[in-house]
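Undergrad: Single-letter residue listing:
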Amino acid sequence: MSLEDLIEEERKAMKIIEEAKVEAEKIISEAKKKAEEILSKVTKRELIESRVKEEERKAEAEAEKIRKKHEAEAEKIKLIAEERIQKAIDLVLMEVLKVE
Amino acid sequence: MSEALEVIKSEIIKRSREEAEKIISEAKKKAEETINSAEKKAEEILAKSIKPEIAVMRKRILGAAQLEGRKMILKAKDDAISKVFSVIEEKLKQIASGKDKEYKYEDILFKFLKEAASKIEEKELIVTSNEQTLAYLNNHLKEIENKLGNELGFKVKLKIENNPCNCIGGVIVYNNDKTKIFYNLLEGRLLKVKEALRGKIAEILFG
Chain A
0 MSLEDLIEEE
10 RKAMKIIEEA
20 KVEAEKIISE
30 AKKKAEEILS
40 KVTKRELIES
50 RVKEEERKAE
60 AEAEKIRKKH
70 EAEAEKIKLI
80 AEERIQKAID
90 LVLMEVLKVE
Chain B
0 MSEALEVIKS
10 EIIKRSREEA
20 EKIISEAKKK
30 AEETINSAEK
40 KAEEILAKSI
50 KPEIAVMRKR
60 ILGAAQLEGR
70 KMILKAKDDA
80 ISKVFSVIEE
90 KLKQIASGKD
100 KEYKYEDILF
110 KFLKEAASKI
120 EEKELIVTSN
130 EQTLAYLNNH
140 LKEIENKLGN
150 ELGFKVKLKI
160 ENNPCNCIGG
170 VIVYNNDKTK
180 IFYNLLEGRL
190 LKVKEALRGK
200 IAEILFG
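The listed protein sequences correspond, in order, to chains A and B. Heads up: the first sequence runs through residues 0 to 99, numbered per numbering that gives the first Met the number 0. Heads up: the second sequence runs through residues 0 to 206, numbered per numbering that gives the first Met the number 0.
Don't take every hint at face value.
Simulated crosslink set (DSS-like; lysine-lysine; CA at most 30 Å straight-line) [to be verified]: (1) Lys77/A x Lys199/B; (2) Lys32/A x Lys47/B; (3) Lys20/A x Lys28/B; (4) Lys50/B x Lys97/A; (5) Lys97/A x Lys98/B; (6) Lys86/A x Lys82/B; (7) Lys32/A x Lys82/B; (8) Lys47/B x Lys31/A; (9) Lys52/A x Lys82/B; (10) Lys21/B x Lys67/A; (11) Lys43/A x Lys8/B; (12) Lys58/B x Lys68/A; (13) Lys98/B x Lys113/B; (14) Lys193/B x Lys97/A; (15) Lys28/B x Lys57/A; (16) Lys32/A x Lys39/B.
Simulated from the structure, these hints should not be mistaken for laboratory data.
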């Protein structure tokens, strides 16, 4: 092996690095392009509408939970204990028939 | 010498490959950061632009659900209170017709008459009520007049109107020229109590 061989190897090494740099630039350039696409999409109506729809679905799910909670409360009200009803009846009757 | 050069040669290639890998790896990292930053920025722009729209939409949907729910609860409470009052109305009918032995309608009627007479403070009074009550009053007129006189401390002459009203029971009493009228009907009293005790009843039922 001679010194020329070493120089040749050095050339190959530099080529490897150059190729890597080109590849790196390509990667970065593609990423920038993708980033631009992402940012340009954001103002498009379809994306806005799809996000609003998504939020609407979330709100509807929350609304359903609210409705269910109130429904359960209303059902509980319907099952008032008989003694409470009787107490109310007694109170009203006493007041209706009372003369001061 | 040849062996030493071989080592140098392989070292050159190894280092260049390592350098190349580092360049690619840094480029990938930078690319990832660029995309992440764009996504974050996009999210911020989007959130900012649709924030008011979403707030209005949420308020509308959740507000409607709250309102619907509150209506449901109010209706349930109202139904329960109505149920109580319909039982009471039925009970008053039973009392006025003498079917409820727990209460003596004649005594209740006398108390209502006495209350009306004491408020009107006149010696001649006209009384009206339903057919059954008027029949009872007609049949016990003297007895009631005497009892009223004794309890009020002045003589009262009752005139029973021959025009029965459609009511559960109780009396409407007025003077001759109808300048003083005292409504003491059971349903009127019930209505008054219903308004006055609504809160208390709700407390008993749902408290």
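Undergrad: All hints are to be evaluated individually against the structure, with a verdict given for each.
TA: Cross-check of the supplied hints:
1. Lys77/A x Lys199/B: The hint holds at about 18 Å.
2. Lys32/A x Lys47/B: Measuring from Cα to Cα gives roughly 24 Å; hence the hint holds.
3. Lys20/A x Lys28/B: holds, 14 Å
4. Lys50/B x Lys97/A: At roughly 61 Å apart (the allowed maximum being 30 Å), Lys97/A and Lys50/B break the hint.
5. Lys97/A x Lys98/B: Holds, at about 20 Å.
6. Lys86/A x Lys82/B: Answer holds: Lys86/A to Lys82/B is near 13 Å, not above 30 Å.
7. Lys32/A x Lys82/B: violated, 71 Å
8. Lys47/B x Lys31/A: holds, 23 Å
9. Lys52/A x Lys82/B: With Cα atoms ~44 Å apart, Lys52/A and Lys82/B exceed 30 Å; violated.
10. Lys21/B x Lys67/A: Distance ~58 Å between Lys21/B and Lys67/A Cα, so the pair is violated.
11. Lys43/A x Lys8/B: violated, 56 Å
12. Lys58/B x Lys68/A: holds, 18 Å
13. Lys98/B x Lys113/B: With Cα atoms ~23 Å apart, Lys98/B and Lys113/B stay inside 30 Å; holds.
14. Lys193/B x Lys97/A: holds, 14 Å
15. Lys28/B x Lys57/A: Between Lys28/B and Lys57/A the Cα gap is close to 35 Å, so the pair fails against 30 Å, i.e. violated.
16. Lys32/A x Lys39/B: Holds, because 16 Å separates the two Cα atoms, which is no more than 30 Å.
Violation of the numbered hints given earlier is confined to hints 4, 7, 9, 10, 11 and 15; the remaining hints are satisfied by the structure.
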